[in-house]
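Residue 134 in UniProt numbering is what sits at position 134 of the first sequence, and the numbering runs on without skipping anything.
Hints were generated in silico from the structure; no laboratory data involved.
No experiment lies behind these values; they were computed from the predicted model shown.
A few of these clues could be false.
[Claimed, not checked] As a list, the in silico DSS-like pairs of lysine-lysine whose alpha-carbon atoms are at most 27 Å apart:
#: 1; residue 1: Lys62; residue 2: Lys108
#: 2; residue 1: Lys237; residue 2: Lys63
#: 3; residue 1: Lys556; residue 2: Lys464
#: 4; residue 1: Lys136; residue 2: Lys257
#: 5; residue 1: Lys468; residue 2: Lys108
#: 6; residue 1: Lys461; residue 2: Lys181
#: 7; residue 1: Lys66; residue 2: Lys237
#: 8; residue 1: Lys257; residue 2: Lys236
#: 9; residue 1: Lys468; residue 2: Lys556
#: 10; residue 1: Lys461; residue 2: Lys496
#: 11; residue 1: Lys573; residue 2: Lys683
#: 12; residue 1: Lys164; residue 2: Lys181
#: 13; residue 1: Lys181; residue 2: Lys422
#: 14; residue 1: Lys83; residue 2: Lys62
#: 15; residue 1: Lys461; residue 2: Lys451
#: 16; residue 1: Lys257; residue 2: Lys148
#: 17; residue 1: Lys513; residue 2: Lys464
#: 18; residue 1: Lys513; residue 2: Lys66
#: 19; residue 1: Lys413; residue 2: Lys451
#: 20; residue 1: Lys257; residue 2: Lys62
#: 21; residue 1: Lys108; residue 2: Lys181
#: 22; residue 1: Lys148; residue 2: Lys123
#: 23; residue 1: Lys367; residue 2: Lys573
#: 24; residue 1: Lys257; residue 2: Lys237
#: 25; residue 1: Lys413; residue 2: Lys496
#: 26; residue 1: Lys468; residue 2: Lys107
#: 27; residue 1: Lys573; residue 2: Lys66
#: 28; residue 1: Lys123; residue 2: Lys413
#: 29; residue 1: Lys413; residue 2: Lys497
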Amino acid sequence: MSTTLLSNLNESQRDAVSSPAQQLAILAGPGSGKTHTLTSRVAWLLASGLQAQNIIVATFTKKAAKEMQERIGKLLGDDREQKLILGTFHSISVRYLRSYGYLIGIKKGFGVADQHDSETIIKRIIKKNNFMADPKATKNKISGRKAKGGWGEKMEKAMKSNNKEVQQIDAIYTEYEATLKRANLLDFDDLLLRCVDLLRDHPQCVSNIEAVLIDEFQDTNLVQFDLMRLMAASRKKVTIVGDPDQSIYGFRSAEVKNYLSLLRQYPDTITISLEENYRSSGAILAASLKIIQQDTSRINKSLLATHTVGTRPVLRTLESAEVEGDWIMHEIRRCVTLTGDLITYGDVAILLRSAYLSRHIETYLGKAGVPYRMVGGRAFYDRVEVRLILYYLRVISNPADNNAFAEVVNLPKRGVGDVTVKSLIEEADQKRMSIWELMENGPLATGLSAKARNGISRFMKIIKDARKMLSDEEGHTIASLMKHVIEAVELEDYLKKTYPEEEDYQSRLENVKEILALAEEADDPESPDYNDEPLPEVDGLEQNELSTPLSNFLAKISLATDKRAKDAEGEDKPRVTISTIHAAKGLEWPVVFIPGAYDGSIPNGRADDTDEERRLLYVGMTRAKALLYVSYPLIDSRRESTRPSNFLTPTSLLLHFGQKGPSFSKQNVVPDIAAILRLEVPKITFTPDELPLPSQEDDLWPEDGTAKARPPKTWDQWDGTAQYGEPRKSLAHDRPLIDKRNMEPWKPSYTTTMTITPAFSTAAAVLREQPVNLGGAGSAKRPYTFDDDEVVDKKSTKRSTKRPDGQPSLAAYFGKPQNSKANEPATTITAARQTHTTQPSVSLPRLNHRATLSQRGNPRTAIPAQIAPYVPPTICPTLSRHRIGGTTSTATNRRNIRAFTPPESNGSKYIFLSSSPPRPEPGRKEREAPRLPMPSNSINSIVTTAARSASLHTTTEDRARAQPGRKSYGARMGMGGWEKRMGGSGSWKPPSMADR
DNA sequence: ATTACAACCTTTTTT
DNA sequence: AGGTTGTAAT
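Build out the structure end to end from the sequences listed, making use of the hints.
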């Protein structure tokens, strides 16, 4: 068992999983197999004799918890994973509070106040007191203080403080807490704080706990750190996994410093770093590393590419946010079309700093018929119809919940307006009771109109009826309560009236059904309701259930971040994903766009921690496997002019980005993508005329973002984009952009043998788009578009003599010592490339093949064994397939799940290599604790790793010729096939089955 | 005076 | 999409 467990891991992962250390810190860079390692660690602990019910695994998101449980389940093969105490910090806290909360005076049936509730309460308090504070900011401040361990002494200081603002927040805080208490609500921070109280005062609750494992440790705040310590108090066996570079929740009081606190708290902590990246191309990693290294205060940590260098990331300037949307749509189409079926819509993600930035993008995707789904958009639970039902249930569960009462007393409209509600709340507050009690008990100071009074009593009647059902012996399932509400408010009629559009109405009805189904699931004792095992009995401690099935159901939903984007019909259809960067953490896609990379957006104007904004960009970039596009408009959606993000302007970045999308007709672009995705290189055959694209190149918009007129594109049916020079408005957005064929991803026809002719490429353009363009003639001409004088003016002269600091030399890329003359190989490359581009057409490699279509019509094929990329022994096939997060398209998943057979050892057949050579790791065995990771030469290591891959894997004649010294690396990996193919003839031929 | 509705403006990130 | 503001209807 243990051997099987470990055989799926690389060396450092194995060390981590099987470490006997009491306290273990795993620093895991992006794409390093973090989840895999953590799940294996859990399995390992179980195998070594720990009991599942005595292990706590805390994650940060519900999604992560779910995935973790599934993966542990798969690893174990029995049902023990069900017994783990596994969930988000918040949900684990709720479980403890439910069972033991009585010990610290928590009242039965307590509810959870979510973000929205907290905000409305604060808003009301602000209004009532005529404060000028911003509710959201205030909420964050209050939450921040609570997350730092409560109000305590700080409040006392504040009382004495003369600072008006502090005093104000203080007043709001006091009233806010009182309101929550009266309504028997705990907010998110309370859940953690109260649980800390509980475990501190009654450590017996966790006396059974044998091990505590924390995921995404860099996102924990001080309270969560305390919680971890308290949970682990009895055996002090702790494993944490995290990456300081991916700390993006500082705004929510996450403390990167917690890692240091850990070392202080447990001086014997062993730290192990996972450095190999199994996700991204070398070029993407190199660029990402450049970004994150701008933060000089960070713990330097290296990142080692295991994939080929691949195509340079793109940094694109566009005229406006609108054009940016249009451009993204075209680039997506270009990717999908020109790579054959290597890339589908499901492989593409658009990651945003802010959700609202999606507007223009959605418009254009919608117009072009590109299917997409929005993650982190309005959640399922935020839909009006769902909220209505849930808030009714909350009043039913807890009539003292004024918030919920106010939310739905006039939904649907019953003639109870804002004014009435407001005065009721105020009176109730004054009398220290709930509105409900107020209405039940006493004479009202508030004068109510007959209409309002009538409306309120109709509302209360519905609630009372439901509560009668609740106290009845039978018929008090959650679903039956829901049905009662749905009927009583005539929800269907209401929805039909409010949303007359049939489609809209139907989808809302679907949501109602969905929430009903959820309730039925919760009612069903048979359903495998994840994570609802009661806490294990602890000797000498009584559990006292504080929640009812209903309140538990509601609490769970409050904690559900899970945007139920379950579109049953769309499940099979690949879709472009649009998401915030935050919500994309832990996920990966072959192609990633990061639009809106302008100053004010990233870094965000409201953010006060620039380093965190930078990390956010880093997280976004490292989601990409093969292609990465960063872009910014010169005019944002508010029509204000912008400057590119400061993170992207340093000179040292120039080499790492291209200015526009790659030329897919260049011979290594598509094969490299295939290699990174571990797919067969598609056979691409079509005539240019048939291309459902206005251009094969990313040349529809000028690279500097100006609106200059461009030569009209001769492409039938194309009418939208040839009109540069017109004012922005006049782009023909409302006309159909593309003809019918484009509604579907293009599929290659196998009857026509064809080549792609670069329609508008000049030699210079082609040069500029070389996947790894390191400053040859093409880029020297008009290197980059930043309005950074220094760069534009000096570069062309400076480049050949002296490099700006931190700018890796060409030599570095090719693995030569830094001090060798850099421009020598450059000229050679240039010459070779020019020779190359004099050929009229460039063929993409043709490979015979295409096994039977895989399940459910997915036209893509996994790599058949005989042409599989070579994998060096250290890189385990399953790991390279590992994926974190499970929400990319099913098509993607399917492809990745496919068994991968390492090739037999006849190297000469392998064509598109991936993966870097094994890296010797001297001294790794005698690891000492605690150890701050990494020598600081990580820049070099990534660059040279990338360089080796380049020379090994990017298989063009010109590059091969440009590097006389290359063979010293190359021989190792069986270049025989290439040697033969290149044969010295000078005319490059794509590899094909004919060669076999 | 209160409520309902249409038109406009503004959007950080989330358990 | 939410919130705010202005205006018509009750």
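Hints and how they fare:
no.	hint	verdict
1	Lys62 with Lys108	25 Å, holds
2	Lys237 with Lys63	25 Å, holds
3	Lys556 with Lys464	24 Å, holds
4	Lys136 with Lys257	26 Å, holds
5	Lys468 with Lys108	18 Å, holds
6	Lys461 with Lys181	25 Å, holds
7	Lys66 with Lys237	23 Å, holds
8	Lys257 with Lys236	20 Å, holds
9	Lys468 with Lys556	24 Å, holds
10	Lys461 with Lys496	24 Å, holds
11	Lys573 with Lys683	23 Å, holds
12	Lys164 with Lys181	26 Å, holds
13	Lys181 with Lys422	19 Å, holds
14	Lys83 with Lys62	17 Å, holds
15	Lys461 with Lys451	15 Å, holds
16	Lys257 with Lys148	13 Å, holds
17	Lys513 with Lys464	24 Å, holds
18	Lys513 with Lys66	23 Å, holds
19	Lys413 with Lys451	11 Å, holds
20	Lys257 with Lys62	24 Å, holds
21	Lys108 with Lys181	13 Å, holds
22	Lys148 with Lys123	23 Å, holds
23	Lys367 with Lys573	18 Å, holds
24	Lys257 with Lys237	20 Å, holds
25	Lys413 with Lys496	14 Å, holds
26	Lys468 with Lys107	21 Å, holds
27	Lys573 with Lys66	23 Å, holds
28	Lys123 with Lys413	22 Å, holds
29	Lys413 with Lys497	12 Å, holds
Consistency note: the structure conflicts with none of the earlier hints.
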